[in-house]
Amino acid sequence: MILDKKHALQRKLFREFAENEFTKELQDELEATGEFNWDIHNKMAKYGFMGTKIPEVYGGQGGDYLSYAIMDEELARQNLCLSIYANTSNSLGGGPLMIAGSEEQKQKYLPPVASGEKILVFGLTEPGAGSDAGGTTTTAIPDGDDFIINGRKCFISGAPVADWIIIFAKTDLTKKGSRGISMFIVDMNLPGVSLGAHEKKMGIKGYPTCDVVFEDVRIPKENLIGPLHKGFQYAMKTLDGGRLGVAAMSVGLGQACIDEAVKYAKERKQFGRPIADFQGVSFMIADMEAEIEAARQLVYHAAVLKDAGDPEAGLACSKAKYFAAEAANRAAYKAVQIHGGYGYIAEYRVERLYRDARILSIFEGTSQIQQVVIANGLLK
Amino acid sequence: MSYNSADIAAFKNVWVFCEQRQGKMMPTTFELISEGRKLADELGVELCGILLGDDVDGIANELGGYGADKVYVCNSPLLKNYTTDGYTKVISDVVEELKPEIMLFGASNIGRDLAPRCAARLHTGLCADCTHLDVDLEGYKEFLRTGSSLDIDNMKWDSPLFDVNVNLKMTRPAFGGHLMATIVCPRFRPAMATVRPGVMQKRPFDEAAAKAVEIIHPEFSLTEADIETEVVEIVKAAKKMVDLIGADFIVSVGRGIAKDVEGGIAIAEAIAEELGGVVGSSRAVVDAGWISADHQVGQTGKTVHPKVYIALGISGAIQHKAGMQDSECIIAVNKNDAAPIFEIADYGIVGDLFKVGPLLLDSIKAAKANA
Amino acid sequence: MKIIVTVKQVPDTSGKVAVNADGTLDRASMQTIINPDDLNAVEAALSLKDEYGYKVVVFTMGPAPAEGMLRELMAMGVDETVLVSARQFGGSDTYATSQILAAAIDTYGFDDEDIIMAGRQAIDGDTAQVGPQIAEKLHLPQVTYAGDIKKDGKVLTVKRMLEDGYMTIKVKTPCMITCIKELNEPRYMTVNGTVKCWDMPLTVMDYEALKDHELIDATTIGLKGSPTNIYKSFTPPQKGVGMMLEGSGKETTDKLVGILTAKHII
Numbered sequence: 181m182i183l184d185k186k187h188a189l190q191r192k193l194f195r196e197f198a199e200n201e202f203t204k205e206l207q208d209e210l211e212a213t214g215e216f217n218w219d220i221h222n223k224m225a226k227y228g229f230m231g232t233k234i235p236e237v238y239g240g241q242g243g244d245y246l247s248y249a250i251m252d253e254e255l256a257r258q259n260l261c262l263s264i265y266a267n268t269s270n271s272l273g274g275g276p277l278m279i280a281g282s283e284e285q286k287q288k289y290l291p292p293v294a295s296g297e298k299i300l301v302f303g304l305t306e307p308g309a310g311s312d313a314g315g316t317t318t319t320a321i322p323d324g325d326d327f328i329i330n331g332r333k334c335f336i337s338g339a340p341v342a343d344w345i346i347i348f349a350k351t352d353l354t355k356k357g358s359r360g361i362s363m364f365i366v367d368m369n370l371p372g373v374s375l376g377a378h379e380k381k382m383g384i385k386g387y388p389t390c391d392v393v394f395e396d397v398r399i400p401k402e403n404l405i406g407p408l409h410k411g412f413q414y415a416m417k418t419l420d421g422g423r424l425g426v427a428a429m430s431v432g433l434g435q436a437c438i439d440e441a442v443k444y445a446k447e448r449k450q451f452g453r454p455i456a457d458f459q460g461v462s463f464m465i466a467d468m469e470a471e472i473e474a475a476r477q478l479v480y481h482a483a484v485l486k487d488a489g490d491p492e493a494g495l496a497c498s499k500a501k502y503f504a505a506e507a508a509n510r511a512a513y514k515a516v517q518i519h520g521g522y523g524y525i526a527e528y529r530v531e532r533l534y535r536d537a538r539i540l541s542i543f544e545g546t547s548q549i550q551q552v553v554i555a556n557g558l559l560k
Numbered sequence: 257m258s259y260n261s262a263d264i265a266a267f268k269n270v271w272v273f274c275e276q277r278q279g280k281m282m283p284t285t286f287e288l289i290s291e292g293r294k295l296a297d298e299l300g301v302e303l304c305g306i307l308l309g310d311d312v313d314g315i316a317n318e319l320g321g322y323g324a325d326k327v328y329v330c331n332s333p334l335l336k337n338y339t340t341d342g343y344t345k346v347i348s349d350v351v352e353e354l355k356p357e358i359m360l361f362g363a364s365n366i367g368r369d370l371a372p373r374c375a376a377r378l379h380t381g382l383c384a385d386c387t388h389l390d391v392d393l394e395g396y397k398e399f400l401r402t403g404s405s406l407d408i409d410n411m412k413w414d415s416p417l418f419d420v421n422v423n424l425k426m427t428r429p430a431f432g433g434h435l436m437a438t439i440v441c442p443r444f445r446p447a448m449a450t451v452r453p454g455v456m457q458k459r460p461f462d463e464a465a466a467k468a469v470e471i472i473h474p475e476f477s478l479t480e481a482d483i484e485t486e487v488v489e490i491v492k493a494a495k496k497m498v499d500l501i502g503a504d505f506i507v508s509v510g511r512g513i514a515k516d517v518e519g520g521i522a523i524a525e526a527i528a529e530e531l532g533g534v535v536g537s538s539r540a541v542v543d544a545g546w547i548s549a550d551h552q553v554g555q556t557g558k559t560v561h562p563k564v565y566i567a568l569g570i571s572g573a574i575q576h577k578a579g580m581q582d583s584e585c586i587i588a589v590n591k592n593d594a595a596p597i598f599e600i601a602d603y604g605i606v607g608d609l610f611k612v613g614p615l616l617l618d619s620i621k622a623a624k625a626n627a
Numbered sequence: 003m004k005i006i007v008t009v010k011q012v013p014d015t016s017g018k019v020a021v022n023a024d025g026t027l028d029r030a031s032m033q034t035i036i037n038p039d040d041l042n043a044v045e046a047a048l049s050l051k052d053e054y055g056y057k058v059v060v061f062t063m064g065p066a067p068a069e070g071m072l073r074e075l076m077a078m079g080v081d082e083t084v085l086v087s088a089r090q091f092g093g094s095d096t097y098a099t100s101q102i103l104a105a106a107i108d109t110y111g112f113d114d115e116d117i118i119m120a121g122r123q124a125i126d127g128d129t130a131q132v133g134p135q136i137a138e139k140l141h142l143p144q145v146t147y148a149g150d151i152k153k154d155g156k157v158l159t160v161k162r163m164l165e166d167g168y169m170t171i172k173v174k175t176p177c178m179i180t181c182i183k184e185l186n187e188p189r190y191m192t193v194n195g196t197v198k199c200w201d202m203p204l205t206v207m208d209y210e211a212l213k214d215h216e217l218i219d220a221t222t223i224g225l226k227g228s229p230t231n232i233y234k235s236f237t238p239p240q241k242g243v244g245m246m247l248e249g250s251g252k253e254t255t256d257k258l259v260g261i262l263t264a265k266h267i268i
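Protein chains in written order, with this note's numbering: chain A, 181 to 560; chain B, 257 to 627; chain C, 3 to 268.
For reference, chain A alone in the conformation it holds in the complex (with noise of 0.2 angstroms):
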């Protein structure tokens, strides 16, 4: 596909933002310390990252998928990590809002999370409702004006900076599975609001992940957003948005690994040439480049269905997601080879990427979840 000149100045900004500020220092302080940098969020939040595609009049910058698409494309080429910073307002935080929520909501919610001033994270996992989503045991029952909220939901991404949280709470217990489920958005600061320990991950550190915990925290009904028990269906077409944003990031991850591979292929010398000379290695290469250009395509070619408002859009989004996170990984297990030892030292780059590039096919609906999603969409 061939940007038009709108998208392909977006892409020029998002480039060289990521490529001159996303130093080697602050990679590395994320990575040693897993610590949320405020410094780069509020410079990304300047720009307008954190509203790339809500619409102007709810404060953001009136961007559209694509341009969402190219931003975490170019920001994950140069850190996994911080294209997270920018997605979340525009994904799983702001969708909920942007997709069901009542005028007054938007109005109220969107303006300070598309200018980065607050942080809006998204809770719909739960220690027994991963891919199953309907398993959400999380409670939210009427009492008065007010809901009252118990439950726990877990690896919640940006959780300990976060201001408010969108989550999915059983409404209805009455009915099974996906049904009577709500969905709300909480105060972080509210009474009865605590968080877990931070986790331990294997990548993407300095964008903290901990559980967060509800016992008995009392919200206004003015907080339910969409209608009552029908949360669950826009919990899944948020996670269509998200897909989309998390397969651009997997196409960022691969170009990150190609770069890093290209040039290490062309310094190294062993058998008194550069190893890019052989082509054990050179055609390593040739797969992570037409892989990736493949992954691309698809993930522009979804968001353009998004933008077009097509019904396939949902299907083409999975696609994207599972191709080219199960591409990037493909491409980090190679970049990693032909790096030989020193690819294993975490000094260089490609050790994180390796390490970064696990979540994608996990995060945001696993590998296996895209497959049932493409394969009903061919059986049903």
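Hints in this document: simulated from the structure, not taken from any laboratory.
What you are looking at is a predicted structure, and each value in this text was computed from that prediction instead of being measured.
It is possible that part of the hints are untrue.
Once the Cα atoms are required to be at most 20 angstroms apart in a straight line, the calculated PhoX-like pairs of lysine-lysine come out as [claimed, not checked]:
id, chain 1, residue 1, chain 2, residue 2
1, C, K257, B, K563
2, B, K591, C, K257
3, C, K213, C, K226
4, B, K624, C, K257
If we take Cβ atoms under 10 angstroms as the criterion, some of the chain B residues that face chain C in the derived model are [stated by the list, open to error]:
id, residue
5, R277
6, T339
7, R368
8, A371
9, C374
10, C383
11, T387
12, L417
13, A437
14, I439
15, I483
16, V487
17, L531
18, D593
19, V612
20, N626
Covered, in the sense of this in silico footprint (three residues per stretch, anywhere, with C-beta under 8 angstroms from a C-beta of chain C), are these stretches of chain A [stated by the list, open to error]:
id, region
21, 182 to 192
22, 229 to 235
For each residue, glycine too, the CB sits at the ideal point set by N, CA and C.
Add chains B and C to chain A, keeping to what the hints say.
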């Protein structure tokens, strides 16, 4: 008739703008006078300096010692500190009156402020930041023989537009030094150039010529109303700190310093100091705790591209080369003649850094003393 | 109250530079970028806009594809752009370029409180001449090598950098300021800017628009109006394989330093 810069025949002699700051001649001026002498001789004309300031007659004679026949000195309290307006007016007025055919300025921050303004006012051409100047065509060809990849003997040299034998040929780097261009200014006079400091050779000083130089005070008019800017203060900077990335010269040490770590680093520091550069290192030196991590050059350290990179006792592992192979000039000193660093070095010396390093320092010092 | 900034699109000389067999630059194979110093001038103008509410107008002279650069500048926060473009302007040296840009700026118009800014120099020619020459043609005072700019009413206080320190200079508007890298850190585009810039004002000033200006005639513009001409262009000798020096004594280091001095490397 009014001044006409296209009336080429009316212009004669080579002039040099003699830049002084706070009554002290800028060293580049002597290089320009020396080069101007060469050009004046090739044309068979006089070489004149033009010196502006407040009561600066005292520094005019020295110009004669480097080759000036005459110095036009313009004194005024309004010329004490450089102002674009004041200097442009006086120089342009005097040039209109006396009509030199060539005029050189140092390519300093002042010369490059003043020369374009004068050229625009006088309606003539200016070539910036020249590194080579010729009038004589044969001399120009000789310069190209070593300074270019042109096929000198099979080229056409004459031009239908101008006389290639009398026009000043001004050569300068362009496109970041990837290309060289020789510029001419055939239809207007004076042909003006700013000249890069430190490039032209200074002639030996001639005491007798210094005494013999003719000092002339041309008439000019300058009032406060002519100067639209106000110089509030002039501040001399303290020696500025340089980091690896911005450094023009980097002297790096590697594992080769192991037998005397402090001594090895001291040698690098001394050479760096002499060149006005900084000390770098390979990763091994940092890992061993011999030097702090901010000195590290390479894949996991800094990527640098100085003018000169001197590698002392660095074998040149790929991760080190990744950080420095784009240096303009790489000099490697290593005991092992098979060290990979020599593959990318412009100049290599096989030897012990503890022996070669101090000798290199002496040679640099000696060269600087002779400059 | 406005700031006019002159900007140039240049080939990116920091990467690989391709040279044709005849010694000219293979421009087609090179990326174009916004001249780096000019970005510092734009940033200086945008910072003053943020503080004082100036309107920022960018002028560039060049071929039609320079529009892309102008859109990019508007995505950064520039309010309006002018593309000065005509076949008759091609081949201009710095003198002729200044003449044309001065005529364009004069035609557009500027007031007492306005500022004109430029980058110190462009990386393709490194001449640093166009800024001062525009100022001369417009009869404006200039301050070059600006390392800091402060505004107090109609007076700007500029830190003018020298090799060995700096001067503090006061200058009244309207005036020309040329900016250096050390002045600031240029901002990026904003995401919203990349969406909006396509509908922002871009005017083309062609030969027709400028031909009646007093600074414009055949003897002052284009290749024919340029006082300087290129006589020869060539590539410096290729950097060959490195030279291994014999021995490791004083004569060797003397020889090395001799070569370096002769080549003006040190």
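For each hint, the structure was consulted:
1. Only pairs whose Cα atoms come within 20 angstroms are accepted, and C:K257 paired with B:K563 is accepted, the gap being roughly 19 angstroms.
2. For the given pair, B:K591 sits about 19 angstroms from C:K257 by alpha-carbon distance, which is consistent with the 20 angstroms threshold.
3. For the given pair, C:K213 sits about 15 angstroms from C:K226 by alpha-carbon distance, which is consistent with the 20 angstroms threshold.
4. Distance restraint check for B:K624 and C:K257: the Cα-Cα separation of roughly 14 angstroms lies within the 20 angstroms cut-off, and the hinted pair is therefore satisfied.
5. A least Cβ separation of about 8 angstroms between B:R277 and chain C falls short of the 10 angstroms threshold, and the interface hint therefore holds.
6. Below 10 angstroms, beta-carbon pairs count as interface contacts, and B:T339 has one with chain C at about 8 angstroms; its hint therefore holds.
7. The restraint placing B:R368 at the interface with chain C holds, with a minimum CB-CB distance near 5 angstroms, inside the 10 angstroms limit.
8. The beta carbon of B:A371 comes within 8 angstroms of a beta carbon in chain C, closer than 10 angstroms, and the hint placing it at the interface holds.
9. Interface hint status for B:C374: upheld, as the beta-carbon distance to the closest one in chain C is roughly 9 angstroms, under 10 angstroms.
10. Interface restraint check: B:C383 against chain C, minimum CB-CB distance 6 angstroms, threshold 10 angstroms, status holds.
11. The interface hint given for B:T387 holds, since its Cβ lies 8 angstroms from the closest Cβ of chain C, which is under the 10 angstroms cut-off.
12. The criterion of a C-beta within 10 angstroms of any C-beta in chain C is met by B:L417, whose closest approach is roughly 7 angstroms, and the hint holds.
13. Annotation: interface hint on B:A437 holds; nearest CB of chain C at approximately 4 angstroms, less than 10 angstroms.
14. For the restraint placing B:I439 at the interface with chain C, the shortest Cβ-Cβ distance is roughly 5 angstroms, inside the 10 angstroms limit, so the hint holds.
15. About 9 angstroms separates the beta-carbon of B:I483 from the nearest beta-carbon of chain C, less than 10 angstroms, and the hint is met.
16. Proximity of B:V487 to chain C holds as hinted, the smallest CB-CB distance being about 6 angstroms (cut-off 10 angstroms).
17. Restraint check, B:L531 versus chain C: the minimum CB separation of about 6 angstroms is within 10 angstroms; hint holds.
18. Residue-level restraint check for B:D593 holds (minimum Cβ-Cβ distance to chain C is 8 angstroms; threshold 10 angstroms).
19. Hint on B:V612 holds. Least Cβ distance to chain C is approximately 5 angstroms, under the 10 angstroms limit.
20. Taking 10 angstroms as the C-beta cut-off, the interface hint given for B:N626 holds, the closest approach to chain C being about 9 angstroms.
21. Coverage of the region 182 to 192 of chain A by chain C holds [criterion: at least 3 residues with CB-CB distance below 8 angstroms; count 5].
22. Counting residues of the region 229 to 235 of chain A whose beta carbon lies closer than 8 angstroms to any beta carbon of chain C gives 3, which reaches the threshold of three, so the coverage claim holds.
Taken one by one, the earlier hints all hold for this structure without exception.
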